[in-house]
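Turn these sequences into a full structure, and let the hints guide you.
In the order they appear, the protein sequences are chains A and B. The numbering used here applies: residue 14 is where the first sequence begins, and numbers increase by one. The numbering used here applies: residue 215 is where the second sequence begins, and numbers increase by one.
Just so you know, these hints were derived from the structure itself, not from any lab. Please note that the accuracy of each hint is not assured.
[Unchecked claim] Using C-beta positions, here's what the derived DEER-type ranges look like:
{"no.": "1", "chain 1": "A", "residue 1": "THR65", "chain 2": "B", "residue 2": "GLU289", "range": "32 to 38 Å"}
{"no.": "2", "chain 1": "A", "residue 1": "GLU21", "chain 2": "B", "residue 2": "PRO253", "range": "16 to 22 Å"}
{"no.": "3", "chain 1": "A", "residue 1": "GLY29", "chain 2": "B", "residue 2": "LYS271", "range": "43 to 49 Å"}
{"no.": "4", "chain 1": "A", "residue 1": "GLY66", "chain 2": "B", "residue 2": "PRO253", "range": "33 to 39 Å"}
[To be verified] What the simulated footprint calls covered on chain A by chain B, stretch by stretch (three residues with Cβ under 8 Å from a Cβ of chain B suffice, anywhere in the stretch; the number is not a length):
{"no.": "5", "segment": "44 to 55"}
{"no.": "6", "segment": "101 to 110"}
[As the list claims (entries may be wrong)] Chain B stretches covered by chain A per the calculated footprint, using a threshold of three residues with CB under 8 Å from any CB of chain A:
{"no.": "7", "segment": "308 to 316"}
{"no.": "8", "segment": "319 to 328"}
Beta carbons: idealized from backbone N, C-alpha and C, even for Gly.
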Amino acid sequence: AQSVAQPEDQVNVAEGNPLTVKCTYSVSGNPYLFWYVQYPNRGLQFLLKYITGDNLVKGSYGFEAEFNKSQTSFHLKKPSALVSDSALYFCAVRTYSSASKIIFGSGTRLSIRP
Amino acid sequence: AAGVIQSPRHLIKEKRETATLKCYPIPRHDTVYWYQQGPGQDPQFLISFYEKMQSDKGSIPDRFSAQQFSDYHSELNMSSLELGDSALYFCASSRSRDPSYEQYFGPGTRLTVT
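Set out below in C-alpha cells:
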C-alpha cells in the first residue's frame, strides 16, 4: 500500500534560522512527490514537486526540497524562515498506478517565532 | 491568475437534508478532483473527472454523487446528510490527469451538518 509519513506534528523554528519539514514515502513504482501549504481556512497551495531529474527542486516562497531515493525521503527546506511561513504543510505522492489519487501525509504545523 | 472557484464557501444543513457544492476549475484545466478534509485531518480523495467523464473514485459514500458538465464545472451532490459529513470540501483542477501534474486547489466549502 502507498503511504506518506510526516513524523513531526509540529516544527518550531526561530525567524531567520533554517527550517526542515520531514517527509518519507512508500510506493510501488516511481513516485511523483509534492509539497502543499495550507493557511487557516484556506485551500492547499502548491509549493513544489519532484518528477525526475535533479534531486534538489526549488519552489515558491524560497522553499526547496531534496529527493533521496535510497532513504525514500522528500524533505522540505528553507535557508531562512519567515514568520509568514507559519502554516500547515502537507507532503503528497502520486504514481501512475494510483491515477487520480493523491496520498497526503498527516501534515506538519510549522511555527516560526519572531 | 485565475484560480479554482468554489461555491458556496460556507453551508449549514440539517441531518437528512441534501447539499450541492459547485466547483469551477481553472480555464483549460480538463481534470477536476474532489476532496474531503475533516477537522485536523489530511484531505481524503473522493472522486475525479477527466473530460467530463468520471476517471477515478476514492472514498466517496454512496449517498454522494458528482458530475462534470460541458463547461467543465463540477458539482458534488450530497444526500441524507449525516453529522459526520461536516468537513471542508475541496475541489482541485489540473491541466492533465497525468499524475506528474500538480493540482490546484480551491478555497473550499465548509459544510456544517447540525
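Violations among the numbered hints
Nothing - there is no hint that the structure violates, so all of them hold.
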